[in-house]
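S.K.: Okay, here's what each chain looks like letter by letter:
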Amino acid sequence: GAGVSQSPRYKVAKRGQDVALRCDPISGHVSLFWYQQALGQGPEFLTYFQNEAQLDKSGLPSDRFFAERPEGSVSTLKIQRTQQEDSAVYLCASFPRSVNTEAFFGQGTRLTVV
Amino acid sequence: QKEVEQDPGPLSVPEGAIVSLNCTYSNSAFQYFMWYRQYSRKGPELLMYTYSSGNKEDGRFTAQVDKSSKYISLFIRDSQPSDSATYLCAISQGAQKLVFGQGTRLTINP
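Chains as they are written, first to last, in the numbering used here: chain A, 1 to 114; chain G, 1001 to 1110.
Rather than coming from a laboratory, the hints here were simulated on the basis of the structure.
Worth double-checking, as some hints may not be accurate.
[To be verified] Below, in silico cross-link-like pairs of lysine-lysine (DSSO-like), each with a Cα-Cα straight-line distance of 30 angstroms or less: (1) G:K1002 <-> A:K78; (2) A:K57 <-> G:K1067; (3) A:K11 <-> A:K78; (4) G:K1070 <-> A:K57; (5) G:K1002 <-> G:K1042; (6) A:K14 <-> A:K78; (7) A:K57 <-> G:K1042; (8) G:K1067 <-> G:K1002; (9) A:K57 <-> G:K1002; (10) A:K11 <-> G:K1042; (11) A:K78 <-> A:K57; (12) G:K1056 <-> A:K14; (13) G:K1042 <-> A:K78; (14) G:K1056 <-> G:K1070; (15) G:K1070 <-> G:K1042; (16) G:K1002 <-> G:K1070; (17) G:K1056 <-> G:K1067; (18) A:K57 <-> A:K14; (19) A:K57 <-> A:K11.
[What the hints assert, rightly or not] Okay, the calculated beta carbon distance ranges per label pair: (20) A:S58 <-> G:Q1080: 19 to 29 angstroms; (21) A:S58 <-> G:S1012: 29 to 39 angstroms; (22) A:S7 <-> G:K1056: 12 to 22 angstroms.
All of these numbers come straight from a predicted model, not from anything done at the bench.
Here a beta-carbon is modelled for each residue, glycine too, at the ideal position from N, C-alpha and C.
Next comes chain A alone, as it looks inside the complex:
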């Protein structure tokens, strides 16, 4: 595809439910970020992959959050036992090289936990 694709665009989950958010980066992009954006705030870093290696997961807010990129392309962010405070837009970005000055973002997945 031409850009970063995220699915689903919208997800409503009941508190305690597990969710999986998918990111299809731009083909050939080595690096991938996940960010969380609360309403009215800037994106907050969650985790970073270079190919299949997760190089930084310091932003994951709890052990309920897990991300993977097993073949170095598609990535999945999984949230277990969702809580209301997990409600946010989850953004994925990919970029072609190790320097992130050309990061392209997807449209995000809006997660609402009820």
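Put chain G on the given structure of chain A with help from the hints.
M.R.: The following block gives chain G in isolation, referenced to the frame of chain A:
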């Protein structure tokens, strides 16, 4: 204290005005400075990036970085209603994570 501070606004100006958007940051190790535009319910879109201090111009947009003051700016000349969006500054050390400001919500009134 946040690593990057940005006035959230909202900022409302008439069409044709010059707009100035600003961020300050605390970590002098930051080397890459970016501005993103985010329309409602869309992902951030890269406008410009600058490496180290100086100015960079692209059409109606000018980015300025003053590393001595840890201050970055985005100027929009001849602002248009289509420029109405949230503007996010983002800063990094290179390969590491982007650190974003809170975003400034801008409205250009026809």
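S.K.: With reference to the structure, classify each hint as holding or not holding.
M.R.: Taking the hints in turn, this is what the structure says about them:
Distance restraint check for K1002 (chain G) and K78 (chain A): the Cα-Cα separation of roughly 27 angstroms lies within the 30 angstroms cut-off, and the hinted pair is therefore satisfied. Between K57 (chain A) and K1067 (chain G) the alpha-carbon distance is near 28 angstroms, which keeps this suggested pair within the 30 angstroms criterion. Of the supplied pair hints, the one linking K11 (chain A) and K78 (chain A) holds, its CA atoms being roughly 13 angstroms apart against a limit of 30 angstroms. Straight-line distance between C-alpha atoms of K1070 (chain G) and K57 (chain A) comes to about 27 angstroms, which keeps the hinted pair within the 30 angstroms bound.
Restraint check for K1002 (chain G) and K1042 (chain G): the C-alpha separation of about 25 angstroms stays at or below 30 angstroms, so the hint holds. Using a Cα cut-off of 30 angstroms, the hinted pair K14 (chain A) and K78 (chain A) holds, with the two alpha carbons roughly 15 angstroms apart. At most 30 angstroms may separate the alpha-carbon atoms for a hinted pair to count; K57 (chain A) and K1042 (chain G) meet this at roughly 25 angstroms. Between the alpha carbons of K1067 (chain G) and K1002 (chain G) the distance comes to roughly 17 angstroms, so the proposed pair stays at or under 30 angstroms and holds.
A C-alpha spacing of about 19 angstroms is found between K57 (chain A) and K1002 (chain G), which places the hinted pair at or below 30 angstroms, so the restraint holds. Simply put, K11 (chain A) and K1042 (chain G) have alpha-carbon atoms about 16 angstroms apart, close enough for the 30 angstroms limit, and the pair holds. Restraint check for K78 (chain A) and K57 (chain A): the C-alpha separation of about 13 angstroms stays at or below 30 angstroms, so the hint holds. A hinted pair counts as satisfied when its Cα atoms are at most 30 angstroms apart, and K1056 (chain G) with K14 (chain A) does not qualify at roughly 47 angstroms.
Taking the CA atoms of K1042 (chain G) and K78 (chain A), the gap is about 21 angstroms. The hint holds against a cut of 30 angstroms. Note on K1056 (chain G) and K1070 (chain G): the hinted pairing holds, with a Cα-Cα distance of about 17 angstroms set against a maximum of 30 angstroms. A threshold of 30 angstroms between alpha carbons decides the hint, and for K1070 (chain G) with K1042 (chain G) the separation of about 29 angstroms falls inside it, so the pair holds. Distance check on the hinted pair: K1002 (chain G) and K1070 (chain G) sit about 13 angstroms apart at the alpha-carbon level, within 30 angstroms; holds.
Under the criterion of a C-alpha separation no larger than 30 angstroms, the hint pairing K1056 (chain G) with K1067 (chain G) is consistent with the structure, at around 14 angstroms. Between K57 (chain A) and K14 (chain A) the alpha-carbon distance is near 26 angstroms, which keeps this suggested pair within the 30 angstroms criterion. Between K57 (chain A) and K11 (chain A) the CA atoms are separated by roughly 23 angstroms; this keeps the pair inside 30 angstroms, and the hint holds. A beta carbon spacing of about 39 angstroms between S58 (chain A) and Q1080 (chain G) contradicts the range 19 to 29 angstroms that was offered as a hint.
Separated by about 37 angstroms at the C-beta atoms, S58 (chain A) and S1012 (chain G) satisfy the suggested range of 29 to 39 angstroms. As the Cβ distance of S7 (chain A) to K1056 (chain G) is approximately 35 angstroms, the hint placing it in 12 to 22 angstroms is violated.
Violation of the numbered hints given earlier is confined to hints 12, 20, 22; the remaining hints are satisfied by the structure.
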